[in-house]
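Asker: Please build the complete structure, drawing on both the sequences and the hints.
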Amino acid sequence: MPLLEIHDLSSGYGRVPVLDRVSLSVDTGRIVAVVGANGAGKSTLLKTISGLLKPSSGTIRLDGAPIGGIEPHMIVAMGLQHVAEGRRLFRSQTVAQNLDLALIGARLDRQEEHRRLADVHALFPILLEKAHLPAGALSGGQQQMLAIGQALMRSPKVLMLDEPSHGLAPIIVDEVFDVLVELRARGTAILLVEQLVERALDLADHAYVMVSGRITGNGPATSIRGSDLVRRAYTGG
Amino acid sequence: MGEIFVEGLTMASIYAIVAVSFNIIYRPTNIFNFAQGDLLMVGALLAAVLARGNSMPWYGAAAIAIVAVMLLAILIDLVAVSPVIKRSPHGAGWIISTLAASIIIHEIADKLAGPDPRVLPAPPPLQTSLIDFGVFSASSFQIGLVCFTCALVAATELFYRTRPGRAVRAIAEDREASLLRGINPARVTLLSFAAGGAVAAIAGILAAPILFASTSLGGMLLLKGFLVVAVGGIGSNSGAIAAALIIGMVEAATARVLTPGLQEAVSFAVVLAILLVRPQGLFGTAMGRSV
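So the protein lines, in turn, are chains A and B. Going by the working numbering, the residue at position 141 of the first sequence is 712; the numbering climbs one at a time, nothing skipped. Going by the working numbering, the residue at position 5 of the second sequence is 8; the numbering climbs one at a time, nothing skipped.
Since the hints were made in silico from the structure, they are not lab data. Fair warning: this is a prediction, and the values are worked out from it, not measured in the lab. Among the hints, erroneous ones may be present.
Unchecked claim - Calculated Cβ distances over 10 angstroms to all of chain B for the following chain A residues:
| id | residue |
| --- | --- |
| 1 | Ser581 |
| 2 | Asn609 |
| 3 | Pro637 |
| 4 | Val647 |
| 5 | Gly676 |
| 6 | Arg686 |
| 7 | His692 |
| 8 | Ile743 |
| 9 | Glu746 |
| 10 | Asp749 |
| 11 | Leu751 |
| 12 | Ser783 |
| 13 | Arg796 |
| 14 | Arg802 |
Claimed, not checked - Calculated cross-link-like contacts (lysine to any residue; reagent style SDA-like; alpha-carbon spacing at most 25 angstroms):
| id | chain 1 | residue 1 | chain 2 | residue 2 |
| --- | --- | --- | --- | --- |
| 15 | A | Lys728 | B | Glu179 |
| 16 | A | Lys625 | A | Arg659 |
| 17 | B | Lys89 | A | Arg659 |
| 18 | A | Lys625 | B | Glu176 |
| 19 | A | Lys625 | B | Ala175 |
| 20 | A | Lys625 | B | His93 |
| 21 | A | Lys701 | B | Thr165 |
Cβ atoms here follow ideal geometry from the backbone N, Cα and C, with glycine treated the same way.
Answerer: Next up, the structure:
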């Protein structure tokens, strides 16, 4: 059974529909990419899964349990993390405080909290080095690492990332993508929305192509890469 | 001169506590609770009724009043605030709904307690009788009140450094991001109303030995609390202290130098002057809030 399974999902903002009967699934230890032009509905998809938007119809299952329409903090508690676009950190708080805050409501003992923190520091050593700086003082790449680090503090079963490479230098993108490979090896199910289509398809196992709120095709990332689907998704042809 | 200072400081302390009670609720919710004055009034009246004629120890009466007001504040959130912000998170429906809560509580209190002011003594062993210190004279209650206010503000600021306190700041900074990190805003709002209600009750209980407990106490201190948060910058406790000192001192000086009848006029004129220069308040930020 897939860890994240979406069936015929429709949603939007108020009365403006965006997603139109989207179905997709992500298995454990897999990276699934959703590619498509700006405005195709990729961010709306992630926001609906994480509970920021309520689905108008369709089902979302996380590890078998329906999560459509429930509150975001409940979905977090069930093991899903959404790293939003634009590195949404708490800029007035330090790096260490941002990581610590992600544990709110997790009800872990001290030992487990330390273990999680040590694990995030092992993946992103820079976060230990800059622990006492305000998040707002970090570079773009470091902020992205902190945003992902916050999500990892909860050891999510499903990790969703919206444009993690946005505005980052290629060498930093490598570093971030290396961590995603490591997480995949540990069994995390990763749903990736990415502007850098080539890179996303290099990294992903499976890919979905999205055009105007609909999935127009899907398949193994390598075959999607060579297909016409992607070109058409971006040119509208 | 000494009298102006002592009186100014006393009133500044009460205004600052009222302002802190507003800020506790405002920071995570961006809501200015118009029923805050009535919570304060209920706290003062309830404590005065319970402690009348030493029928109950002062601290027991105060504790019951504080808990009762906390529950009332939670009720306001559940009935008049959360349902409204759930339907339209960025709307202004809370203005009317908290105003409605204010009027309902006020009228019920008026029916039950009547308009007569009641006496609530100072918390023992403190006394409201003045002690002569040479350059100035002050009561042990006034000294205790100033110390308590400082301790309250310090404790509030320390709380904002703990994990739950930082969750409150996180919601204020980026509500959507805090939702994605697993913070439950409904719970934070509820707890903020409980805490803001408790501090409002404390403000009423500590104002009563000086101003008497009556149903008109709420409206008067609501207005002063509002002035203080407007001048200090809404949400800022350091701003509240500075603004409370300014307003308290201006009032005390006006009453002594001119006439008590002009207190309000002069303090509002000073407030207007400050807001003309700094519309965002002394410690407020002029930045727009991202929603």
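Asker: Would you mind marking each hint as holding or not holding in the structure?
Answerer: Verification of the hints:
No beta-carbon of chain B is positioned within 10 angstroms of the beta-carbon of Ser581 (chain A); the least distance is around 21 angstroms. Chain B leaves Asn609 (chain A) outside its interface by the beta-carbon criterion, the shortest separation being 20 angstroms against a cut-off of 10 angstroms. Listed as a non-interface residue, Pro637 (chain A) keeps its Cβ farther than 10 angstroms from every Cβ of chain B; the least gap is roughly 19 angstroms. For Val647 (chain A), the condition that its CB be more than 10 angstroms from all CB atoms of chain B is violated, with the nearest at approximately 4 angstroms.
Listed as outside the interface, Gly676 (chain A) is inconsistent with that label: its C-beta sits roughly 5 angstroms from the nearest C-beta of chain B, within the 10 angstroms cut-off. For Arg686 (chain A), the condition that its CB be more than 10 angstroms from all CB atoms of chain B holds, with the nearest at approximately 17 angstroms. For His692 (chain A), the requirement that its beta carbon stay farther than 10 angstroms from each beta carbon of chain B is met, with the minimum near 18 angstroms. Look at Ile743 (chain A): its CB is around 21 angstroms from the nearest CB on chain B, clear of 10 angstroms, so calling it non-interface holds up.
The beta carbon of Glu746 (chain A) sits about 23 angstroms from the closest Cβ of chain B, which is more than 10 angstroms, so the claim that it is off the interface holds. With a minimum CB-CB distance of about 24 angstroms to chain B, Asp749 (chain A) clears the 10 angstroms threshold, and the non-interface call stands. Every CB of chain B lies more than 10 angstroms from the CB of Leu751 (chain A), the least distance being 18 angstroms, so the non-interface label holds. For Ser783 (chain A), the shortest C-beta to C-beta distance to chain B comes to about 24 angstroms, beyond the 10 angstroms cut-off, and the non-interface label holds.
With a minimum CB-CB distance of about 30 angstroms to chain B, Arg796 (chain A) clears the 10 angstroms threshold, and the non-interface call stands. Every CB of chain B lies more than 10 angstroms from the CB of Arg802 (chain A), the least distance being 33 angstroms, so the non-interface label holds. Under the criterion of a C-alpha separation no larger than 25 angstroms, the hint pairing Lys728 (chain A) with Glu179 (chain B) is consistent with the structure, at around 21 angstroms. Proximity of Lys625 (chain A) to Arg659 (chain A) is assessed by CA-CA distance (about 21 angstroms); at most 25 angstroms being required, the pair is judged to hold.
With a C-alpha separation of about 22 angstroms, the suggested pairing of Lys89 (chain B) with Arg659 (chain A) holds against the 25 angstroms cut-off. In summary, the hint linking Lys625 (chain A) to Glu176 (chain B) is supported, as the alpha carbons are separated by about 23 angstroms, within the 25 angstroms threshold. Taking the CA atoms of Lys625 (chain A) and Ala175 (chain B), the gap is near 23 angstroms; set against the 25 angstroms cutoff, the hint holds. For the proposed pair Lys625 (chain A) and His93 (chain B), the alpha carbon gap of about 17 angstroms is at most 25 angstroms, so the pair holds.
With a CA separation close to 20 angstroms, the supplied pair Lys701 (chain A) and Thr165 (chain B) stays within the 25 angstroms bound.
In this structure, the earlier hints numbered 4 and 5 are contradicted, and the remaining ones agree with it.
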